[in-house]
Amino acid sequence: MANPIEQFTIRPLVEINLGGIDATFTNAGAFMLLTVASVTLFLTLSMRGRALVPGRWQSMAELSYEFIAGLLRDNVGSEGRRFFPFVFTLFMFILFANMLGLMPYSFTITSHIIVTFILAMVVFIGVTVVGLLRHGVKFFSYFVPSGVPMAVLPLMIPIEIISYLSRPISLSVRLFANMTAGHIMMKVFAGFVIPLGIFGGWAPLGVDVLLVGFEFLVAFLQAYVFTVLTCLYLHDAIHLH
Amino acid sequence: MRIANKAMVVGLLAATLTTPASLAMAAGGGLPQLDLSTYSSQAIWLVISFIALYALMNSIALPRIGEVLEERQNRIDDNLSKAENLKAQADAAIETYEKSLLDARTKAFDAIREVKDKAATEAHDRQSKLTAELGEKIKQAESEISKAKIEALSGIEAVAIDVASAAIAKLINEPANENSVSSAVSSALKNRT
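Same order as they appear, the protein sequences are chains A and B.
First residue of the first sequence: 191, per our numbering; consecutive thereafter.
First residue of the second sequence: 1143, per our numbering; consecutive thereafter.
Worth flagging that the hints you see were computed from the coordinates, not collected in a lab.
Be aware that a few hints might be false.
If you want a taste of the chain B side facing chain A, the calculated C-beta under 10 Å gives, among others [claimed, not checked]:
1. Gln1175
2. Asp1177
3. Thr1180
4. Ala1185
5. Tyr1196
6. Leu1198
7. Leu1204
8. Arg1217
9. Ser1307
Ideal Cβ placement from N, Cα and C applies to all residues, glycine included.
Generate coordinates for the entire structure from the input sequences, incorporating the hints supplied.
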């Protein structure tokens, strides 16, 4: 029977060494490039017609554009327009990585904590830099909650700082854990199908069918959550509460 | 063999559903996600692919979609303003039409009234003229009648005097006194009329 965590194995494809640092092109790297290629092909091929009245594919591309633009407008405001390319890239990258991971025999790059952590750190550092550039030293007033009695401040400020610093951890672990757990669940139930035989095997198969549908929902939802939280963090950095 | 398989599967399920540590043990090598030796290559390829995707989105995909959306919005706005323009024109045309219709109607009414008034005054004039003419004719006829009557009456006086003198002469066999007869007749006639 297949090992349910075998699907997360990193397999080297082309050994590359950059001055002592291992930069091997692996199946993870391949799926990253595949994600980039899929997003790019989807958005360029669907917009090739530049039709005034969009077809199905063009509608999907426009919908994703307007979805993220609306998200930024609602959560960040007009200042968020500058970050649109980044937020859009982030959303499409995670969404397509999650979706491609659901294809049989594929690899899910977002099921690796290092990947989600780097994405979360990019967001975290980027948001902090935006806040510092915009407000200077005043940015640190973000950690002082307004309308709180002076006596509680020594307690509140460390809590605020810890909750701020834990953002990249919660952001990355949420995506990683959701993708990993979902894929393990699917594999575990799939592993029951053949051993339980012609009569018993239908039950785990049915569960797996439901799980696949559920995982498509999770794949979208986690990309959405990651993007929404990025927008909220951007809002905090720009408006300070 | 099948029973052994099932036992293994159940055990594996139990292991996977408890903790990552037991999961790692069951896998016999630890979670691949926790293998630090793969981190550098994943990080490098992630950075490369994310930057590549950002560049592609920023320079090609997003401007293209934005252009199409903007073009569509412009087209819609353009059509809307055109439609508004046409509607304004139609409204103006309707207004002028209604105004001219109203003008024509009042003009027609005026003309009708004028004609009516003219006809009425003419009829009135003609009637009064006719009435006057008829009155004159009546007056003339009346005067003629009275003249004829007077003539007739004066003729009657002479005849009556003659008749009376003749009758007197016959009755008393002597010629009547002319003067007394004529005065008697005229007074008798005067009493009659």
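Tested hints:
At about 5 Å, the closest approach between the beta carbon of Gln1175 (chain B) and any beta carbon in chain A falls short of 10 Å, and the interface hint on this residue holds. Interface restraint check for Asp1177 (chain B): the shortest CB-CB distance to chain A comes to about 7 Å, inside 10 Å, so the restraint holds. Annotation: interface hint on Thr1180 (chain B) holds; nearest CB of chain A at approximately 4 Å, less than 10 Å. This hint holds: Ala1185 (chain B) has a C-beta 6 Å from the nearest C-beta of chain A, less than the 10 Å allowed.
Of the supplied interface hints, the one on Tyr1196 (chain B) holds, with its beta-carbon coming within about 5 Å of a beta-carbon of chain A, less than 10 Å. A distance limit of 10 Å between C-beta atoms decides the matter here; for Leu1198 (chain B) the minimum to chain A is near 5 Å, and the interface restraint holds. A cut of 10 Å between beta carbons decides the hint on Leu1204 (chain B): the least distance to chain A is about 6 Å, and the hint holds. For Arg1217 (chain B), the interface hint holds, the least distance from its beta-carbon to any beta-carbon of chain A being 6 Å, beneath 10 Å.
Hint status for Ser1307 (chain B) relative to chain A: violated, with the closest Cβ pair at about 136 Å, above 10 Å.
Checked against the numbered hints above, the structure breaks only hint 9 and satisfies the rest.
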